[in-house]
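Novice: These are the residues of each chain, in order.
There are 2 protein chains.
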Amino acid sequence: MNRPQAIERMVEIIKKLPGVGPKMAERLSYHIIKMPPAEVERLIDSIQKARQTMKCCSACYNLSETDPCPVCADSSRDKNTICVVETPQDLIAVSKVKDYKGLYFVLGGALSPLDAVGPEDIRVAQLIKRLKSDKISEVILATDTDSKGEITAVYLSELIKPFGVKVTRLGYGLPVGGDIEYADEVTISRAIAGRKEM
Amino acid sequence: MNRPQAIERMVEIIKKLPGVGPKMAERLSYHIIKMPPAEVERLIDSIQKARQTMKCCSACYNLSETDPCPVCADSSRDKNTICVVETPQDLIAVSKVKDYKGLYFVLGGALSPLDAVGPEDIRVAQLIKRLKSDKISEVILATDTDSKGEITAVYLSELIKPFGVKVTRLGYGLPVGGDIEYADEVTISRAIAGRKEM
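Chains A and B, in that order, are what the protein sequence lines are.
Per UniProt numbering, residue 1 is the first one in the first sequence, and the count goes up by one each step.
Per UniProt numbering, residue 1 is the first one in the second sequence, and the count goes up by one each step.
No lab work stands behind these hints, which were simulated from the structure alone.
Cβ coordinates follow ideal geometry from the N, Cα and C atoms, glycine included.
Take these hints with a grain of salt, some might be off.
Stated by the list, open to error - No more than 30 Å apart at the CA atoms, straight line, and that leaves these computed lysine-lysine pairs for DSSO-like: (1) B/Lys34 <-> A/Lys16; (2) B/Lys148 <-> A/Lys23; (3) B/Lys148 <-> A/Lys15; (4) B/Lys34 <-> A/Lys55; (5) B/Lys23 <-> A/Lys34; (6) B/Lys23 <-> B/Lys98; (7) B/Lys23 <-> A/Lys16; (8) B/Lys55 <-> A/Lys23; (9) A/Lys34 <-> A/Lys15; (10) B/Lys49 <-> A/Lys23; (11) B/Lys16 <-> A/Lys23.
Unchecked claim - A few chain B residues facing chain A, derived, Cβ under 10 Å: (12) Gln5; (13) Ile14; (14) Ser29; (15) His31; (16) Pro37; (17) Val40; (18) Arg51; (19) Ile92.
Use the sequences and the hints to build the structure in full.
Specialist: Spelled out as structure tokens, the structure:
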């Protein structure tokens, strides 16, 4: 016996979600089919509500219930510094750091020549427009430290510097609470280069 | 900034799905929010359709678009042998084996004393009822080979034997295509015990 058609279709669709393989999609499908009706309704409702209420902030492209988003609307923040991140999730991670008082800009991804993702596929033009319209004195590049994030940071830094804006990148080194034994060579080498006197 | 409330709610609900951790739930939520409307509609529709069309076979408790399911409705099958599995997914896996011509019975789980899952939480009573009403000559226990599946198999075997029914368990040994180097001790020991002359 093959999987019933309706389950097959569900598995095929769920399989396309990020990080979900065929086995996981099957497991989720059978689980959702057996869930109590109220729970499935809650699941579907949460998806629909989130999609209806979430807006893209027109200043920083953060996902938010309001436009401008709470960060851009906060008049106490330093409007001369922007921290460039890849995704709204990254923005939330950085915003947990209370010392940073500047604003943000969500690129919506990273450059990836191998996947044919170029500057026109992420918000490079919008970032440049913002640099021109707002009085920005420093851009902190907080893209991921994988190869795509690095390429993006190098590209943006070359692009932004001519505007006379200070461009910085988050510091590299050992993650706090980490075990040196398990740190990779490149990270240790960066941590040595960035060592601080005690 | 914290996660917007609507996303938070979605993450909390998705996090409860099996095999989905907090990070994965966040990733899925942000992905689903950004998906094109047609794709989200397809996802929700596939869930609703599957839940509407799937029935539980009244003979073997398999999930199917029809009741009885195609396996139970197939008159060419051996009605005297039933293979007991934990889930409908297990039934599909076993049914790929063309040599097996008998019927099935889906328990809907396995006994798990630690999680307080007892015989009344799975379909033990229904299995016994079927043994009494149908002329069953052999029950093949195809529960998982983890501790829960083993406990269930031992429990069922003790329960069924008094009915004068032959009770068998799937054979243990090395999985085909496997690497002996990575096989665990218990499996190798079972494979030695079950060795066959060539």
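Novice: Now tell me, hint by hint, if it's right for this structure.
Specialist: Evaluation of the provided hints:
| no. | hint | in the structure |
| --- | --- | --- |
| 1 | B/Lys34 <-> A/Lys16 | holds (14 Å) |
| 2 | B/Lys148 <-> A/Lys23 | holds (21 Å) |
| 3 | B/Lys148 <-> A/Lys15 | holds (28 Å) |
| 4 | B/Lys34 <-> A/Lys55 | holds (10 Å) |
| 5 | B/Lys23 <-> A/Lys34 | holds (24 Å) |
| 6 | B/Lys23 <-> B/Lys98 | violated (41 Å) |
| 7 | B/Lys23 <-> A/Lys16 | holds (18 Å) |
| 8 | B/Lys55 <-> A/Lys23 | holds (22 Å) |
| 9 | A/Lys34 <-> A/Lys15 | holds (18 Å) |
| 10 | B/Lys49 <-> A/Lys23 | holds (21 Å) |
| 11 | B/Lys16 <-> A/Lys23 | holds (18 Å) |
| 12 | Gln5 | holds (7 Å) |
| 13 | Ile14 | holds (7 Å) |
| 14 | Ser29 | holds (7 Å) |
| 15 | His31 | holds (5 Å) |
| 16 | Pro37 | holds (8 Å) |
| 17 | Val40 | holds (7 Å) |
| 18 | Arg51 | holds (6 Å) |
| 19 | Ile92 | holds (6 Å) |
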